[in-house]
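Enquirer: For reference, the chains in residue letters:
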Amino acid sequence: MIEVRDLRFRHPGAADETLRGVSFSIPPGGLVALMGANGSGKSTLARCLNGLLVPQAGSIRVDGFTRSDAASPAAAGGTVGLVFQNPASQVTSPTVEREIAFGLQSAGLPTDEIHARVDRTLREHGLEGLRGRSPSELSGGELQRVAVAAVMALAPRYLVLDEATSLLSAESRRAILRRMHEERARGVGILLITQFPAEALEAERLLVLDRGAVALQGAPAELFARPGLMDAAGVPVPFRARLGAAR
Amino acid sequence: MRIALRGVAYSYPRPASGHDTPILRDVSFAMGAGETVRLMGREGAGKTTLLQLVAGLLRPDSGSLLVDGEAVWEDSSRERSARRRVGFAFQFPEQQFFRETVEDELLYAAGNFGMDASEARGRAARVMEVLGLSFEGMRGRSPFTLSLGEARRVAVASVLVTSPAVLLLDEPTAGLDGRGAAALLELLRLRSGPEMSALIVSHDAELLAECATRVLLLQEGRIAVDAPAAEFFRDPVAVRGHGLAVPEAVEVMEDLGALGRASRATRAEARRIYDEAGRPTLPLRPGR
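These protein sequence lines are chains A and B, in that order. Under numbering that gives the first Met the number 0, the letters of the first sequence match residues 0 to 246, in that order. Under numbering that gives the first Met the number 0, the letters of the second sequence match residues 0 to 287, in that order.
Among the clues, some could well be false.
[Unchecked claim] Residues on chain B that point at chain A, a partial pick, calculated with CB under 10 Å:
#1 Tyr-11
#2 Gln-94
#3 Gln-95
#4 Glu-149
#5 Ala-229
#6 Arg-233
#7 Pro-246
#8 Glu-250
#9 Asp-254
[Stated by the list, open to error] Computed footprint of chain B on chain A; a stretch qualifies when at least three of its residues, placed anywhere within it, have a C-beta under 8 Å from a C-beta of chain B:
#10 112–123
#11 159–171
Keep in mind the hints are simulated off the structure, nothing from the lab. Positions of the beta carbon are idealized from the N, C-alpha and C atoms, including for glycine.
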């Protein structure tokens, strides 16, 4: 379980806090969606969860441990995998294959295991055809698929996807959603940050962040049934939900 | 400004393997002044490459680009003047930035083109405002400290400051929230003049159905479909077959049609709500 309690974060030099007391949890195998306007603090929250940013106040417990616990398992840094909003700032290796292998090598896995996982990951994500290609030759959408695959290859216990499908076709978005549900079935807890209502509707729970605070949370269909509140928080509302709410 | 591509082919060089990767094989289409065309296709189909060719950032292996009927790739002075009239907002906005402040970024191309500085500044402020950003509040910031949503809007604004005749946008709504996407749509509607044409790459099924009157589908290095947008989206089965998303309004009409209870009143109500939501109205016209 990831438990976030009263998290506060202020960027250096900024006048205001980006996160103003955020609390929520993600159970193992759970899928929580996070929506909110640009600048509401979604990406900052994602970076706090993965340990890239250290909050000034509040706590993040991952399976009972905080990052500063002396007893925290050495692998704590690898327990939460983050797929960045911008794949160009994540994918750095000379080939797709080596990009997938990079994190596995850093984690110190044996060579045989790395080969097996790279093969399996490329297959599961339909990326075999891009195996030897340089990321510089890939399209933005292909880069996003590689970025998601590389993080999933690490088999983290929790996954945070920060608008990781924004450049993808509908078909590839569906494929990534399918992979997410497969990961959940293995017990992986997922935080899905998205601007697509259809993706949020796949989650058990939806959090809406507004200026650094959780403005709304609940079952996605129930929240979308109140389009006025969602509009106020800058969240796009599906047409069907508007139609339903207007009746 | 009318542009046309004729038989354009392009391969990415792969010196390591010795054989190049063909991405565009034979691309031909024409776009008239004032037209808004949406370019679609799967990831890796060559959409960004096509925009880069039109912008003059890549040279093709073969084929030609005609601007107002004249081939430009064969004539460097013609190419220079054509290039100045094309504005290109990149898929990854930070790859477009190179100045130290947002203000310099917004005014750089305008200065290069000899535009009056105060006029350019006024235009930058207006465009930023429509996009929901404050020129005064952001002008001193480094473009590299912006969030993705901010960066994308600044990149689009910097291109619009010069009033290009042809606007090329590569996934302009990726990373934008609902308001940002609606503001961008508003900006496309306002344009800088009726003559400005736009070629837009986007997977966003909802956003562009209204303003893009025509759809090009890039498949296996060729233009597989060149059709009016309303006609293209009226066949959702085919659209999905291409791996693309169908606007939700079309899906709802599909559902209603399948249930056999799409009464005139229901359709009118659906359209009213859709309009109120600022969503595309075009595909809502019942297909049959």
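Enquirer: If a hint holds in the structure, say so; if it does not, say that too.
Expert: Status of the hints after comparison with the structure:
Hint on B:Tyr-11 holds. Least Cβ distance to chain A is approximately 5 Å, under the 10 Å limit. Because the beta carbon of B:Gln-94 sits about 7 Å from the nearest beta carbon in chain A, less than 10 Å, this interface hint is met. Annotation: B:Gln-95 was flagged as interfacial toward chain A, and the flag is violated, the nearest CB pair being 12 Å apart, outside 10 Å. A cut of 10 Å between beta carbons decides the hint on B:Glu-149: the least distance to chain A is about 7 Å, and the hint holds.
Interface restraint check for B:Ala-229: the shortest CB-CB distance to chain A comes to about 17 Å, outside 10 Å, so the restraint is violated. The beta carbon of B:Arg-233 comes no nearer than 17 Å to any beta carbon in chain A, farther than 10 Å, and the hint placing it at the interface is violated. Given the 10 Å rule on beta carbons, the hint for B:Pro-246 holds: about 8 Å separates it from the nearest Cβ of chain A. The closest approach between the C-beta of B:Glu-250 and any C-beta of chain A is roughly 8 Å, which is under the 10 Å cut-off, so the hint is satisfied.
The restraint placing B:Asp-254 at the interface with chain A holds, with a minimum CB-CB distance near 9 Å, inside the 10 Å limit. Under the rule that three or more residues need a Cβ within less than 8 Å of chain B, the assignment of the region 112–123 of chain A is violated, with 0 such residues. Coverage of the region 159–171 of chain A by chain B holds in this model, with 8 residues showing a Cβ closer than 8 Å to a Cβ of that chain against a need of three.
In terms of the numbered hints stated before, the structure departs from hints 3, 5, 6 and 10, listed from lowest to highest.
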